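> Sequence:
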Amino acid sequence: MRSRARRLGVGCTLLGLAMLASSGCSYFSYPENPLLEASGSQADYRLRTVIPPTPGVEDDQTLVILTLSGGGTRAAALAYGVMRELDRGKIGGGSKSLLDEVDVISSVSGGSFAAAYYGLFGKRQFFEQFKPDVLNRSIECDLILRMLAPWNWPRLLSPYFGRSDLASEYYDKHIFKGRTFADLPKRRPFIVLNAADMTLGAQFTFTQDDFDKLCSDLSAVHVARAVTASSAFPGGFSPLTLNNYPKEDCGYRSPGWFAGAKADLDNVPSRFDRYATWKEYERDDRPYIHLFDGGLADNLGLRGAILALSSTDSPWKLRDKIARKQIKRVVVIIVDAKPKAAPKQDRCARPPGLLSVVMASGTNPMENYSTDSVDLLENKFYEERRLHNDWLTDQRRCTEFAAANCRGRRHRDDCEVKFREGCETQFGVGKDSEVQTPDLYRIYVRFAAADDSVRDRLNHIDTTLQLSAGDVNLLIDQGAVLLHKALRPKDGDSRDLVKDLGIEWKDDRP
Numbered sequence: 052m053r054s055r056a057r058r059l060g061v062g063c064t065l066l067g068l069a070m071l072a073s074s075g076c077s078y079f080s081y082p083e084n085p086l087l088e089a090s091g092s093q094a095d096y097r098l099r100t101v102i103p104p105t106p107g108v109e110d111d112q113t114l115v116i117l118t119l120s121g122g123g124t125r126a127a128a129l130a131y132g133v134m135r136e137l138d139r140g141k142i143g144g145g146s147k148s149l150l151d152e153v154d155v156i157s158s159v160s161g162g163s164f165a166a167a168y169y170g171l172f173g174k175r176q177f178f179e180q181f182k183p184d185v186l187n188r189s190i191e192c193d194l195i196l197r198m199l200a201p202w203n204w205p206r207l208l209s210p211y212f213g214r215s216d217l218a219s220e221y222y223d224k225h226i227f228k229g230r231t232f233a234d235l236p237k238r239r240p241f242i243v244l245n246a247a248d249m250t251l252g253a254q255f256t257f258t259q260d261d262f263d264k265l266c267s268d269l270s271a272v273h274v275a276r277a278v279t280a281s282s283a284f285p286g287g288f289s290p291l292t293l294n295n296y297p298k299e300d301c302g303y304r305s306p307g308w309f310a311g312a313k314a315d316l317d318n319v320p321s322r323f324d325r326y327a328t329w330k331e332y333e334r335d336d337r338p339y340i341h342l343f344d345g346g347l348a349d350n351l352g353l354r355g356a357i358l359a360l361s362s363t364d365s366p367w368k369l370r371d372k373i374a375r376k377q378i379k380r381v382v383v384i385i386v387d388a389k390p391k392a393a394p395k396q397d398r399c400a401r402p403p404g405l406l407s408v409v410m411a412s413g414t415n416p417m418e419n420y421s422t423d424s425v426d427l428l429e430n431k432f433y434e435e436r437r438l439h440n441d442w443l444t445d446q447r448r449c450t451e452f453a454a455a456n457c458r459g460r461r462h463r464d465d466c467e468v469k470f471r472e473g474c475e476t477q478f479g480v481g482k483d484s485e486v487q488t489p490d491l492y493r494i495y496v497r498f499a500a501a502d503d504s505v506r507d508r509l510n511h512i513d514t515t516l517q518l519s520a521g522d523v524n525l526l527i528d529q530g531a532v533l534l535h536k537a538l539r540p541k542d543g544d545s546r547d548l549v550k551d552l553g554i555e556w557k558d559d560r561p
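FYI, the numbering for the sequence shown is 52 to 561, going by this note's numbering.
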């Protein structure tokens, strides 16, 4: 019997190896992202193609951006709870919800599971199936079993196939159903899944604008690979590889803003750094890039939105819409699943072990950096409001100057026009120089605002890819509670989003 079992085992092994060999080399390598043809992509997943301007129809003048942080299933569950509550808030007593009005969802790591699922399958399936498909799924155990399965060992030993590629196949089959970026609908919200370039430490987004840098077509890339790259925490997962093709292969040209940015080394260092980072993708000796957890570059998924709202360099082109007065109100809802647990390592004099050091190095800096991003958003709008107020003050002074110099003159109106225009030209405060400043509603959802009775429990929920049903339900429920706390106007702020949009909350929670 033992001899027969041994022969059977050897036979199965040989059969398995034969099947692997017949599948070709691609079985032992990552799936390559395709070259972008010179004519351009048919899917063309960019903000301006996903939410194109409609001729003859005026925009609603309210831009809503939702950002979802990293943090494994903890972040995905909190995002689900916030989004479910946003859908209960009906605008003006009608059928449209605040969630329906979200124009952009920008996410990293665990938050990318929620963003990608919602973008692909829509609101109804998201609320019906996201819990069983993702939040209640034993993702971590399933991935470990696949890594321990002997038939996957030859692939994992290949230098061109890693743990992230195996995870991507699992997500693709069981969660995202083989969908590619061509399957994302051409309607809002625009889904921005953020990863980090391992070599540059810079943010890399799965949008066609960033894939242009690679001369690659995003439309055929599976959404599961983007989610994997966004959540590939170093150590637990391997970096995910993308091909960076020669630029002459697709007719690539550098963006127009490069000329000005190149000269901004001293004047605007951050702009010069963006230029220098982008230029790295144009190098001939960098045929591949390696991506991992997007939280290591921006754990809130907020930096892209800040750039788009403050600079004309962004491919989103929001500054153009602001200048044309098509955006008068900006709502940024930040969902932050960052915990603040007690420092266990500091209870002992013994230095922490290697695993603890790696975890701290990868998470602590990006978590501390998160609030800086929120402050940067506020400061950008504060500075523009100050410039706008200065412009209004100078305009008023020119009007007063003209009135004082034309008092008692025969053609007073013509005189005032002449003096006012001369004053505005001299001081550069004409109509063309007006700084447009939309009102900012910053809604920051985070554990720190939770009641004392639940805050400690929230802070101790692990950053893993599977949680208990109790933890998942707590995070979902607290998503609604924390959203309402974040919606309350801050002290001294007259802006009230609920009041200004006429939001009514329907008591129809499941």
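Calculated from the structure, these hints are not laboratory results.
The structure presented is a predicted model; accordingly, all values stated were derived computationally and were not measured.
Hints are supplied without guarantee of correctness; some may be wrong.
[Unchecked claim] In the BS3-like style, the derived pairs of lysine-lysine whose C-alpha atoms are separated by at most 25 Å in a straight line are: (1) Lys147 <-> Lys182; (2) Lys330 <-> Lys264; (3) Lys237 <-> Lys372; (4) Lys313 <-> Lys228; (5) Lys431 <-> Lys147; (6) Lys550 <-> Lys141; (7) Lys330 <-> Lys147; (8) Lys550 <-> Lys376; (9) Lys482 <-> Lys550; (10) Lys174 <-> Lys557; (11) Lys147 <-> Lys482.
> Each of the hints needs a verdict: does it hold here or not?
How the hints compare with the structure:
Distance restraint check for Lys147 and Lys182: the Cα-Cα separation of roughly 23 Å lies within the 25 Å cut-off, and the hinted pair is therefore satisfied. A C-alpha spacing of about 9 Å is found between Lys330 and Lys264, which places the hinted pair at or below 25 Å, so the restraint holds. Pair hint Lys237 plus Lys372 holds up; C-alpha atoms about 20 Å apart against a cutoff of 25 Å. The suggested pairing of Lys313 with Lys228 is violated, with an alpha-carbon distance near 44 Å, which exceeds 25 Å.
Taken as a hint, the Lys431 and Lys147 pair is broken in the structure, with Cα atoms around 30 Å apart against an allowance of 25 Å. Between Lys550 and Lys141 the CA atoms are separated by roughly 12 Å; this keeps the pair inside 25 Å, and the hint holds. At most 25 Å may separate the alpha-carbon atoms for a hinted pair to count; Lys330 and Lys147 exceed this at roughly 43 Å. Taking the CA atoms of Lys550 and Lys376, the gap is about 22 Å. The hint holds against a cut of 25 Å.
Simply put, Lys482 and Lys550 have alpha-carbon atoms about 32 Å apart, too far for the 25 Å limit, and the pair is violated. Distance check on the hinted pair: Lys174 and Lys557 sit about 17 Å apart at the alpha-carbon level, within 25 Å; holds. With a C-alpha separation of about 36 Å, the suggested pair Lys147 and Lys482 falls outside the 25 Å cut-off, and the hint is violated.
In summary, the structure is inconsistent with hints 4, 5, 7, 9, 11 from the numbered list given earlier, while agreeing with the others.
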